Amino acid sequence: MTYFDALETRSADERASDQAVALREQLKRVTSAPAFAAHLADADINAVGSADDLPVLPVLRKSDLSRAQAERPPFGGFTVKPAQHFHHVFQSPGPIYEPGSTDHDWWRMGRFLHASGVGAADIVQNCFGYHLTPAGMIFESGARAVGASVLPAGTGQTELQVTAARDIGCTAYAGTPDYLKVILDKADDMGVALNFSKAAVGGGALFPSLRQDYADRGISCLQCYATADLGNIAYESAAMDGMIIDEHVIIEVVTPGTGTPVVPGEVGEVVVTSLNPDYPLIRFATGDLSAMLPGQSPCGRTNMRIKGWMGRADQTTKIKGMFVRPEQVAALVNKHDEIVKARVIAARQGEMDTMTVQIESPCENDLAYAKSVAEVLKLKGAVEVVAPGSLPKDGLVIEDQRVYE
11 MTYFDALETR
21 SADERASDQA
31 VALREQLKRV
41 TSAPAFAAHL
51 ADADINAVGS
61 ADDLPVLPVL
71 RKSDLSRAQA
81 ERPPFGGFTV
91 KPAQHFHHVF
101 QSPGPIYEPG
111 STDHDWWRMG
121 RFLHASGVGA
131 ADIVQNCFGY
141 HLTPAGMIFE
151 SGARAVGASV
161 LPAGTGQTEL
171 QVTAARDIGC
181 TAYAGTPDYL
191 KVILDKADDM
201 GVALNFSKAA
211 VGGGALFPSL
221 RQDYADRGIS
231 CLQCYATADL
241 GNIAYESAAM
251 DGMIIDEHVI
261 IEVVTPGTGT
271 PVVPGEVGEV
281 VVTSLNPDYP
291 LIRFATGDLS
301 AMLPGQSPCG
311 RTNMRIKGWM
321 GRADQTTKIK
331 GMFVRPEQVA
341 ALVNKHDEIV
351 KARVIAARQG
361 EMDTMTVQIE
371 SPCENDLAYA
381 KSVAEVLKLK
391 GAVEVVAPGS
401 LPKDGLVIED
411 QRVYE
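Quick note: the sequence shown uses my numbering, first residue 11, plus one each step.
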């Protein structure tokens with residue numbers, strides 16, 4: 011088996027040592043970004059010597075970027091150079107603006123395409139969007155990194171996509187998981203045989219039945235986990251045993267609404283520190299849920315793995331007409347030293363909303379906890395004190411049991 015580079019098979023100690031050096035350099039670098047300097051003003055960045063020390067720094071959220079960009083467009087002061095020094099400026103829904111560069115494999119997508127078997131002998135039909143948003147360019151950059159040619163197809167005009175794929179002889183597909191099936195079904199309707207044998211997908215759920223459908227057609231389909239802000243975060247290999255973390259990011263899995271790491275293997279929110287020197291996002295909360303997997307991939311790549319996308323961490327829920335947010339649940343936990351964890355359950359009784367707050371604590375302190383619930387959540391609700399370790403380890407801090415029909 012060949013690997014994209016030697017970084018993929020480093021020992022854990024070697025990787026940790028290399029990342030510690032890169033992280034310290036990145037923290038020095040962010041002080042030149044005015045918004046980041048302000049964001050970290052109350053933190054002791056000198057106390058961060060390795061990835062294990064990252065929890066002493068505050069979490070950065072997309073809402074922080076959005077507010078900063080509104081005040082200081084386009085990047086809000088979170089980049090180390092001005093917009094004019096980037097090759098591209100992209101706009102994602104929100105709007106949120108992201109920088110981009112044509113520098114070699116800037117988004118680190120080549121590693122994923124290599125793991126998908128895409129190389130110099132391939133022509134990639136890139137069906138990610140090229141208009142305003144960066145996905146098309148992200149995958150094109152990765153294709154260049156592995157020496158493949160690209161048909162910049164974008165989305166839509168499926169009949170033309172089929173014709174181009176046939177005429178050009180495209181061998182690999184890049185795009186959302188489901189759009190490839192649209193192309194293949196249209197090709198069947200047109201009586202056209204296509205040459206796809208590989209698919210590198212992202213931006214949506216790859217259901218097992220869909221992957222099997224592609225396999226039945228002779229197409230190997232692997233998926234990655236990437237965002238417009240961070241580029242590639244994690245990716246599948248042919249082993250299809252979890253998603254391997256990219257070599258130039260550091261991932262933490264934290265309790266939603268906080269920056270506190272969960273117990274290894276427990277579901278939580280994915281927080282990413284990018285080692286990209288141009289756009290040094292530190293402890294950037296993705297809003298996605300996942301969990302770390304133990305051990306290493308059978309494919310021989312040695313970095314840690316996550317289970318993949320397991321839902322959204324933003325569990326903000328309206329109860330009795332009031333929003334309850336994960337940050338409020340975290341504040342409730344922090345209000346009492348003995349509380350281990352809390353879970354808000356929204357339900358209905360007749361036509362009325364109900365709220366129950368389950369609190370993991372060794373102390374029977376119902377009255378004090380009920381007072382804190384009303385103060386912090388701004389709502390009154392039933393309080394159930396449960397034994398430490400008894401709440402589900404599914405990443406939920408707000409559970410909505412109401413059925414909407």
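Keep in mind the hints are simulated off the structure, nothing from the lab. Any given hint could be a false lead.
Once the Cα atoms are required to be at most 30 Å apart in a straight line, the calculated DSSO-like pairs of lysine-lysine come out as [claimed, not checked]: (1) Lys351 x Lys388; (2) Lys403 x Lys345; (3) Lys403 x Lys388; (4) Lys345 x Lys390; (5) Lys388 x Lys330; (6) Lys317 x Lys381; (7) Lys351 x Lys38; (8) Lys351 x Lys381; (9) Lys317 x Lys191; (10) Lys403 x Lys381.
These numbers come from a predicted model, not from an experiment.
Next item on the list: Check each numbered hint from earlier against the structure, then list the numbers of those it violates in ascending order.
Entry: 6, 7
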